[in-house]
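From first to last, the protein sequence lines are chains E and L.
For the first sequence, the numbering used here gives the first residue as 1, with consecutive numbering after it.
For the second sequence, the numbering used here gives the first residue as 1, with consecutive numbering after it.
Bear in mind the hints are in silico, worked out from the structure with no lab data behind them.
C-beta: ideal position from N, C-alpha, C; glycine also.
Treat the hints with care, as some may be off.
Chain E regions said to be covered by chain L (calculated; three or more residues, Cβ under 8 Å) [claimed, not checked]:
(1) 7-20
(2) 102-110
(3) 256-269
(4) 423-429
(5) 435-441
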Amino acid sequence: MAHVTLPTFGRGGIHPEPHKEATAGKPIESLPAPHEVWLPLHQHLGEPATPIVKKGDLVVRGQKIAEGGATGVPLHATITGKVKPLDKRPHPTDVLAPAIVIARADGPEELEFPEDPAWTSLGRDEMIARVREAGIVGLGGAAFPTWRKLMLPPRVKVDTLVVNGAECEPYLTADFRTMIAHPREIVDGALLLARIVGAERVLIGIEHDKLEAKWWLDQAIGTTALEGIPVRVQPVQVRYPQGAERQLVQAVTGRVVPARALPTAVGVLVQNVATAAAVYEAVRFRRPLLDRVLTVTGPGVARPRNVRAPLGTLLGEIVAFCGGASPDVTRIVAGGPMMGRALPRLDLPLVKGMNGLVLLTGKGPFEDGYGPCIHCARCIEACPLGLEPDAVSVRVEAGRPLETEPYGALDCYECGSCSYSCPAGRPLVQFMQVAKASLRRQAALRAAS
Amino acid sequence: MSGGARELVLSPGPHLHADVSTSRIMWTVNAALAPAALWGAFVFGWNALAVIAAAIAGAAGSEWLVARWQKRPHPLRDGSAVCTGLLLAMTLPPLVPWWTAVLGAAFAILVVKAMFGGLGYNLFNPALAGRAFMMATFPLAMTAGWAAPRAGFTVALDGLTTPTPLAVLKEQGLEAAFRTLTAAGSPWASLVLGFRPGSIGEGSVVLLALGAAVLVARGIIRLTIPLAVLAGTAIATAFSGAPLLHLLSGGLWLGAFFMATDYVTAPTTRDGQLVFGLVIGLLTGLIRVFGGYPEGICYAILIANTLTPALNLWFRPKRVALAGTPS
Chain E
1 MAHVTLPTFG RGGIHPEPHK EATAGKPIES LPAPHEVWLP LHQHLGEPAT PIVKKGDLVV
61 RGQKIAEGGA TGVPLHATIT GKVKPLDKRP HPTDVLAPAI VIARADGPEE LEFPEDPAWT
121 SLGRDEMIAR VREAGIVGLG GAAFPTWRKL MLPPRVKVDT LVVNGAECEP YLTADFRTMI
181 AHPREIVDGA LLLARIVGAE RVLIGIEHDK LEAKWWLDQA IGTTALEGIP VRVQPVQVRY
241 PQGAERQLVQ AVTGRVVPAR ALPTAVGVLV QNVATAAAVY EAVRFRRPLL DRVLTVTGPG
301 VARPRNVRAP LGTLLGEIVA FCGGASPDVT RIVAGGPMMG RALPRLDLPL VKGMNGLVLL
361 TGKGPFEDGY GPCIHCARCI EACPLGLEPD AVSVRVEAGR PLETEPYGAL DCYECGSCSY
421 SCPAGRPLVQ FMQVAKASLR RQAALRAAS
Chain L
1 MSGGARELVL SPGPHLHADV STSRIMWTVN AALAPAALWG AFVFGWNALA VIAAAIAGAA
61 GSEWLVARWQ KRPHPLRDGS AVCTGLLLAM TLPPLVPWWT AVLGAAFAIL VVKAMFGGLG
121 YNLFNPALAG RAFMMATFPL AMTAGWAAPR AGFTVALDGL TTPTPLAVLK EQGLEAAFRT
181 LTAAGSPWAS LVLGFRPGSI GEGSVVLLAL GAAVLVARGI IRLTIPLAVL AGTAIATAFS
241 GAPLLHLLSG GLWLGAFFMA TDYVTAPTTR DGQLVFGLVI GLLTGLIRVF GGYPEGICYA
301 ILIANTLTPA LNLWFRPKRV ALAGTPS
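Throw the hints in and build the complete structure from the sequences for me.
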């Protein structure tokens, strides 16, 4: 056998059709500045941002327009223009949410962000402050404020920084193209992150089908100005959900993250490749997060592309940039098709956590209802955590969600491998969600009494 | 602006699904069984074919009735009722009156399956429970309805019956048993090809193995249970003087590959399946060697079915790093 067995996680997982060929070969293309952006105050985990601009103000791209408060992140103007009255606008996750709307107007294209010559020798607190001020959140989809992830509790020691370039969701290639276009920024950003948390090594995990990215990253590793911490690109098997934090940590470090714990429990911090690149921009140039790269793809898009667009751009404009949506689109998925959320329409703004827009046609799962569980155990075999979705689902169906704890309902992070594999077409992730909600409500009631 | 898409689906994720469905699985099982069943009709004659048709019709008709009462659409689309009927027929002697097969199939679907909650909820394998019901209600037809194998649709219903090799083995010993196996020249060829008295669909080890290979290749069954059944039978019959005869006789292959592997009535984890298969094999051998019946696979599987809920409790999938466990 010629090939070497690549590392991966311990059990379960699935191999959906990758569908990446439509965009994997296409470089990132920048969307022209839109006429209007809607910037929701809440596009991260933590408290919503507080506006510091008012109606009629002229703002320049890069200018801070809302403060992050104690747990959130600030927000910046992503185009130069006039602030419209503060209003509620449709939000990809909420129905309506307060947003700062900027209408494009003439003015300087962007604030200047000169290099800080001392960027390679900054202290930890200064680096975290810059990351926070730049409004950076986890760009892999979670949208957790990065500065909070970097503020490790006193007892927690991190020895390894894992950079997540796995991109295991089908269809998505935004991270892959970012690794090819910005290897330098990713490697330096990762090294800055490693310094912040005191890690002794950096491991960049990429799935085996993205070896082109490894070549570029290796070039950047060889020429970085930030010395002292070893960086290695570690190819891992192509297997969903390889890009889930705990699965990637096990693949590249061999350490198993306990259920419901964070990777820091085993001395690892995970950051997405695009987040690392944003951290580099923030620390070296104090440049805030203004754009993001997303893959616009799927059978319902005329010209699938990897697009860099200003945050707040309406998704309809982004899709139009990709040739428009075909009339037979049945699902618009924000994110990847496994864990992404189906959107009701396209007049919604691009938010920080959105790494893809997948337009699907035809009939999807769960549209014809579902059948009874036949106990084929495909879900048990697919679960990367060794949970029992079959047992959870039949108990929820029987109106006994409180009996699901022994079958692991609380550990589930909803990767969807079980639902994907179920021959009866059962929405097993949703049964898990019902079980979790019921168990948590019961725990809260117990705690209160 | 584009985005004029209408009728958008807002269902939660995942938005992709594996190319697999319950009905595809069931119809594939039916197709995998068909060659062995048709071989039985070919070898044992017209009545065998009538029994197959009657059992399928009885099962499908019963399923249809239940579905009508429950106002459930497309009762036969998932193929599970046809599968039950076909499996039941394959376990029956070729000369049983066809209408007894209708009753057996109706019992399987109405009592064993529907009354326990329908597809996915039955404790016992419906086809085998149907066969056990027929053993109790039509004992004579079920123990004497064996036909001698002939090639072609030539058997007239002349009531000429012949005992199965396992029955001869039980009553007259090994040599007599081998003397019944002459149809294909050598006794072993008669066993493997299926030229021997027996139930309609159990005879051709070759065709059953072929069908099972299709199911394994399609990822529908795993070999854990069948191999454990065969191993258990080999262990229990090791000292009977004819372990190989036991392994190639009776309904062992049909039961091991197509009935013990029934998802609903078998355990879900590999360890549970291993124990389940071994229990079936051991019981089959013990019944054949020490019990009152020449054949044992049917009752062995039904008894093991009662262990499935316990096996699912005892043999759980290994959780990946439970909360609080050091790694």
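Practice item. Count residues of the segment 256-269 of chain E with a Cβ under 8 Å from any Cβ of chain L, then say if the count reaches three. Key: holds (count 7)
Point to revise | Residues of the segment 7-20 of chain E with Cβ under 8 Å from chain L, three needed, outcome | key: holds (count 5)
**Study point:** Coverage claim, chain L over the segment 435-441 of chain E, checked by counting residues with Cβ within 8 Å (three needed)
**Key:** violated (count 0)
Practice item. Go check the segment 423-429 of chain E versus chain L for me, would you? Three or more residues, Cβ under 8 Å, otherwise it fails. Key: holds (count 5)
Review point. Are at least 3 residues of the segment 102-110 of chain E within less than 8 Å of chain L when you compare beta carbons?
Key: n = 0 at 8 Å, threshold three: violated.
Checked against the numbered hints given earlier, this structure breaks hints 2 and 5; the rest are met.
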